[in-house]
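Protein sequence lines, in the order shown, are assigned to chains C and V. Residues 1 to 373 (our numbering) are what the first sequence spells out, left to right. Residues 1001 to 1092 (our numbering) are what the second sequence spells out, left to right.
Calculated directly from the structure, the hints in this document are not laboratory data. Any given hint could be a false lead.
[Unchecked claim] Label pairs and their computed distance ranges (CB to CB):
1. Gly307/C with Glu1015/V: 39 to 45 Å
2. Gln1081/V with Ser100/C: 23 to 29 Å
3. Val325/C with Glu1015/V: 32 to 38 Å
4. Pro259/C with Gly1046/V: 44 to 50 Å
[To be verified] Straight-line distance between alpha carbons at most 20 Å, and here's what the computed EDC-like set of lysine to aspartate or glutamate pairs gives:
5. Lys157/C with Glu1015/V
6. Lys31/C with Glu320/C
7. Lys157/C with Glu270/C
8. Lys157/C with Glu1085/V
9. Lys108/C with Glu1085/V
10. Lys157/C with Glu1092/V
11. Lys49/C with Glu1074/V
12. Lys157/C with Asp50/C
13. Lys108/C with Glu1088/V
14. Lys49/C with Asp189/C
15. Lys327/C with Asp50/C
Beta carbons are placed, not taken as given, at the ideal position from N, Cα and C, and that holds for glycine.
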Amino acid sequence: MKYVQEFRNAELASAIAAKIAGLTDPSRHYKIMEVCGGHTHAIYRHGIKDLLPPEIELIHGPGCPVCVLPMGRVDDGITIAERPEVIFTCFGDMMRVPGSKGNLLEVKARGADIRMVYSPLDALRIARENPHREVVFYAIGFETTAPSTALTLRRAKQERISNFSVFCNHVTIVPPIRALLDSPDLRLDGFIGPGHVSTVVGCRPYEFMTKDYGKPVVVAGFEPLDLIQAVLMLMRQLVEGRCEVENQYSRIVPWEGNPQALACLAEVFELRPYFEWRGLGFIAQSALKISPAYADYDAEQRFAVAGVRVADPKACQCGEVLKGVLKPWECKVFGIACTPEHPLGALMVSSEGACAAYFNFGRTVQAKATVGS
Amino acid sequence: MCLAIPGRIVEMVDENLQLAKAEIGGVRRTINIGLVHNEVEQVAIGDWVLIHVGFALSKVDEAEAQSTLRALEEIGAAYRQELLELHESRIE
């Protein structure tokens, strides 16, 4: 323990862990899903599982936007990126996501002009600086990230930057949760709700999970204490027979979300009738497309994107892991044919993917031992 | 890109374009403050905000900002990568 603060947190963490243990019925098995990839990363990084009784299992949900992107959308992006007039911009996380014919990093090595950007506003600046090139931004992310694309498109329209467009792959958080709740494979006891997404959408969108499905939800922050506190709040609900949406992260997440961000999303985007999710298949109204008012900035229209469908590699079991049916290390190719250096499936690419998180934090041996015993 | 990093507003660059300069992880970069600086709420120089892909996502108090920074430093590689990408950012 390097700092007093950490030590105090460790004591507090143990105290919360003891309360959780006290509420746990040893004859039961509890399955709690953390929806958000940031939570998955933090859970592995901080060894949260080690603080919980063995009866509580954390299932890793579909909340990593890189991981749920189907191969066809990667291939579509690559097709745009290969056009000679295009400067293709994307977040760094996208570069190694496998498409059916390689990834963006390899396409860049073959000569395509692909540039990593920190922000969609950096992509817009590149468009301003290169008026004779077509600058395309590959937009990914849940409702946390979609407002930044929306505000960037507003700015592009105000400035009439005609050589800028967005290949929109934004997805929404509620439909995949509903799909998981409808899945017969999976029995869950409760959910740790996403933190940053909820700063935008608020807590109200999760109420259907309590009302229609009888599953408690606790929206949580990203620090280790936030996560075990959220587990404690869920366990209290289960023991007391309550079923509510609670907000552990109220210091950041307003119950109603961010009305400015929501208004901006409504102006710039509309819901797609359906969208394919890696491992989960097609889910109705689960993604955003650019609205008619901004159609001039829609790369799908500008480049007549084919919308190819590509099946995931046969050996890849990302779908089962995403649904929480398999643990990362139970996948046939985990750590062998599929590693962070050479990922087969998207869950190994992003540091927020369950497989990469598991691989990076060295729990493989211990986990395999547990499974084997 | 999934991280949100605390930064402190150090300068208003252009209120019409909703741009401000923030100090984040030791560097100063221009960010968009449209989501936290509007009819509903405002930010001022000295305020802390959580920044995600160049946009202030929400206002936070200093204690929360410091505690988030500590948690990010513990996360390590993903945070360092985010800072490297931020270094290259030149939002106008």
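Outcome of the hint check:
no., hint, in the structure
1, Gly307/C with Glu1015/V: 39 to 45 Å, "holds, 41 Å"
2, Gln1081/V with Ser100/C: 23 to 29 Å, "holds, 26 Å"
3, Val325/C with Glu1015/V: 32 to 38 Å, "violated, 51 Å"
4, Pro259/C with Gly1046/V: 44 to 50 Å, "violated, 25 Å"
5, Lys157/C with Glu1015/V, "holds, 18 Å"
6, Lys31/C with Glu320/C, "holds, 16 Å"
7, Lys157/C with Glu270/C, "holds, 17 Å"
8, Lys157/C with Glu1085/V, "violated, 26 Å"
9, Lys108/C with Glu1085/V, "holds, 18 Å"
10, Lys157/C with Glu1092/V, "holds, 15 Å"
11, Lys49/C with Glu1074/V, "holds, 17 Å"
12, Lys157/C with Asp50/C, "violated, 51 Å"
13, Lys108/C with Glu1088/V, "holds, 18 Å"
14, Lys49/C with Asp189/C, "holds, 17 Å"
15, Lys327/C with Asp50/C, "holds, 16 Å"
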